[in-house]
Amino acid sequence: MNIINILEEIEKVDGEVYERLNPRRAAMKSFYGFGSKVALAALPMALGSMFKKAYGQTTNGVIDVLNFALTLEYIEYNFYQTGINTAGLIPAGTPAVGAINTIRDHELAHVNLLKGAITASGGTPVSFTAASFDFTAKGNFPTVFSDYPTFLAVAQVFEDTGVRAYKGQAGNLMSSPSVLQTALQIHSVEARHASHIRQMRKAPAGGGLTSLKPWITGANDSGVAAAAASYAGEDNVTQLDINIPGLGFSVNASTEAFDEPLGKDQVLAIASLFIK
Amino acid sequence: MKSLQGEKEVLLQESGILTAKLQRRSFLQYAGAGVAGVALVAAGCKKDKSIPGLDTGVDLGSGDPGILNYAYALEQLEGAFYDAVVKSPYTGIPANELALLTDIRDHELAHREFFKKALGTGAIVNLTVDFSSINFADRTSVLTTAKTFEDLGVSAYNGAGKLLKTAKYLEVAGKIVSVEARHAALIRDLISNGSFADLTAVDANGLDGALTPIQVLTKAKAFIKTAINASNLPTS
Numbered sequence: 001m002n003i004i005n006i007l008e009e010i011e012k013v014d015g016e017v018y019e020r021l022n023p024r025r026a027a028m029k030s031f032y033g034f035g036s037k038v039a040l041a042a043l044p045m046a047l048g049s050m051f052k053k054a055y056g057q058t059t060n061g062v063i064d065v066l067n068f069a070l071t072l073e074y075i076e077y078n079f080y081q082t083g084i085n086t087a088g089l090i091p092a093g094t095p096a097v098g099a100i101n102t103i104r105d106h107e108l109a110h111v112n113l114l115k116g117a118i119t120a121s122g123g124t125p126v127s128f129t130a131a132s133f134d135f136t137a138k139g140n141f142p143t144v145f146s147d148y149p150t151f152l153a154v155a156q157v158f159e160d161t162g163v164r165a166y167k168g169q170a171g172n173l174m175s176s177p178s179v180l181q182t183a184l185q186i187h188s189v190e191a192r193h194a195s196h197i198r199q200m201r202k203a204p205a206g207g208g209l210t211s212l213k214p215w216i217t218g219a220n221d222s223g224v225a226a227a228a229a230s231y232a233g234e235d236n237v238t239q240l241d242i243n244i245p246g247l248g249f250s251v252n253a254s255t256e257a258f259d260e261p262l263g264k265d266q267v268l269a270i271a272s273l274f275i276k
Numbered sequence: 001m002k003s004l005q006g007e008k009e010v011l012l013q014e015s016g017i018l019t020a021k022l023q024r025r026s027f028l029q030y031a032g033a034g035v036a037g038v039a040l041v042a043a044g045c046k047k048d049k050s051i052p053g054l055d056t057g058v059d060l061g062s063g064d065p066g067i068l069n070y071a072y073a074l075e076q077l078e079g080a081f082y083d084a085v086v087k088s089p090y091t092g093i094p095a096n097e098l099a100l101l102t103d104i105r106d107h108e109l110a111h112r113e114f115f116k117k118a119l120g121t122g123a124i125v126n127l128t129v130d131f132s133s134i135n136f137a138d139r140t141s142v143l144t145t146a147k148t149f150e151d152l153g154v155s156a157y158n159g160a161g162k163l164l165k166t167a168k169y170l171e172v173a174g175k176i177v178s179v180e181a182r183h184a185a186l187i188r189d190l191i192s193n194g195s196f197a198d199l200t201a202v203d204a205n206g207l208d209g210a211l212t213p214i215q216v217l218t219k220a221k222a223f224i225k226t227a228i229n230a231s232n233l234p235t236s
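Taken in order, these protein sequences are the chains called A and B.
For the first sequence, the numbering used here begins at 1 and goes up steadily by one.
For the second sequence, the numbering used here begins at 1 and goes up steadily by one.
Honestly, the hints are just simulated from the structure, not real lab data.
This structure is a prediction, so every number in the text was calculated from the model and none was measured.
We treat Cβ as the ideally placed atom computed from N, Cα and C, and that holds for glycine.
There's no promise every hint is true.
[Unchecked claim] Here are the in silico distance ranges between beta carbons for each label pair:
#	chain 1	residue 1	chain 2	residue 2	range
1	B	59	A	225	49 to 57 angstroms
2	B	84	A	240	23 to 31 angstroms
3	A	85	B	122	39 to 47 angstroms
[To be verified] Selected chain B positions facing chain A (in silico; Cβ < 10 angstroms):
#	residue
4	86
5	90
6	116
7	136
8	174
9	181
10	198
11	207
12	209
Please put together the full structure from these sequences, using the hints given.
Have a look at this one:
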């Protein structure tokens with residue numbers, strides 16, 4: 001990126017670009033000098049804040065998506081943190097401790113990343129604390145923090161729902177390619193978590209669900225009837241009007257090979273069960 | 001971590017400028033609105049179009065079909081690999097591992113056949129693979145290669161999503177990438193329990209990898225005999 005070239009190109013079509021900018025001309029002169037010295041990575045940031053002032057940038061659609069994602073990440077982070085803080089829940093001295101810590105750390109990183117992105121885009125991040133949440137989901141999971149298999153079952157539903165939620169928002173981020181890419185980079189991490197949590201539930205201590213796979217088979221394969229909404233439509237076997245079993249694959253493989261999205265309203269309905 | 005996050009914010013800002021904002025106000029009211037955007041990019045970035053090693057052979061094409069052919073090429077590679085693994089499983093493979101690898105084989109072949117069908121007459125030819133570096137009798141050799149392919153696949157879809165112009169193609173790519181991530185996590189756990197999303201896969205900001213098609217194809221080349229021309233693929 002050559003910022004001087006960019007400004008000159010803009011000036012050709014908008015002679016008043018410098019007048020729109022704040023600081024104005026005098027400050028722009030020093031900016032020219034500044035531009036030659038400052039690290040390349042800092043330039044787009046400086047340019048971004050200049051354009052925000054000059055053209056009154058608002059990207060409400062994108063900020064809405066980011067706040068939606070932030071809400072989900074807060075739920076996940078506080079869920080794992082509460083689990084870790086509950087003595088005797090996660091079997092001490094087993095690989096489960098490291099795995100849950102890894103996942104918790106990622107969710108916290110996502111919270112911080114999204115908060116930063118929203119603020120940088122001129123929006124206001126939503127805010128939640130552990131006290132904001134009811135992880136029994138209005139009494140559906142009364143033993144979520146006393147029974148380890150239940151804790152893992154809820155974790156699986158959170159992760160699979162998170163994957164579906166990000167997937168459902170990708171189309172709304174096409175106007176902002178870098179935001180889209182970041183969202184995709186979070187999305188696949190949630191899928192890695194889901195894969196591992198499903199493996200943890202297969203272990204005897206985690207519930208011994210030996211038929212469970214790292215991928216979603218059919219619709220609700222979680223073994224939790226109350227989670228049906230989180231898996232609605234996962235049994236779809238048609239992609240871009242192409243019937244996948246018609247290509248010679250089993251129905252199970254056809255559903256496993258493609259994860260399905262969930263819409264914002266569907267996700268918020270699920271999330272609202274966990275928010276006081 | 002702090003500086004990495006700063007860089008992410010920079011990227012977010014940058015994207016906003018080059019898309020949403022510039023398409024809106026006064027200077028784009030001028031006749032050359034679209035042209036101005038192009039000129040901006042041209043002025044701001046000088047791109048080197050030459051791609052040594054990926055500029056001759058099977059042409060992936062341009063635009064969205066080019067990206068779909070790129071995905072089809074990678075799925076061909078993965079499909080051929082797991083097909084070979086399942087046909088000739090490594091020594092002492094436990095039944096549950098064979099079942100999991102067979103599932104993955106079926107998923108990759110479903111992805112491959114899906115892309116072939118979706119691309120129709122625009123699909124590239126069948127690629128010839130080169131698996132001479134893999135010892136299919138050895139668990140470590142097979143799983144290490146599987147890890148490479150799955151992590152690469154995730155990074156490939158994550159990096160290509162923003163290159164797609166059609167929402168329905170982005171959606172289907174999104175449907176596939178999370179399945180690749182589930183595979184990647186499982187394969188990593190088979191190698192070492194708990195490595196499903198360690199720092200070699202996910203960075204300190206909790207972000208999975210994202211690579212450009214050129215970066216991905218450069219890594220994949222070692223396993224593909226057929227020469228591939230990726231020079232017409234979109235880069236932004």
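- Item | Hint numbers contradicted by this structure | Violated hints: 3, 4, 5 and 7; rest satisfied.
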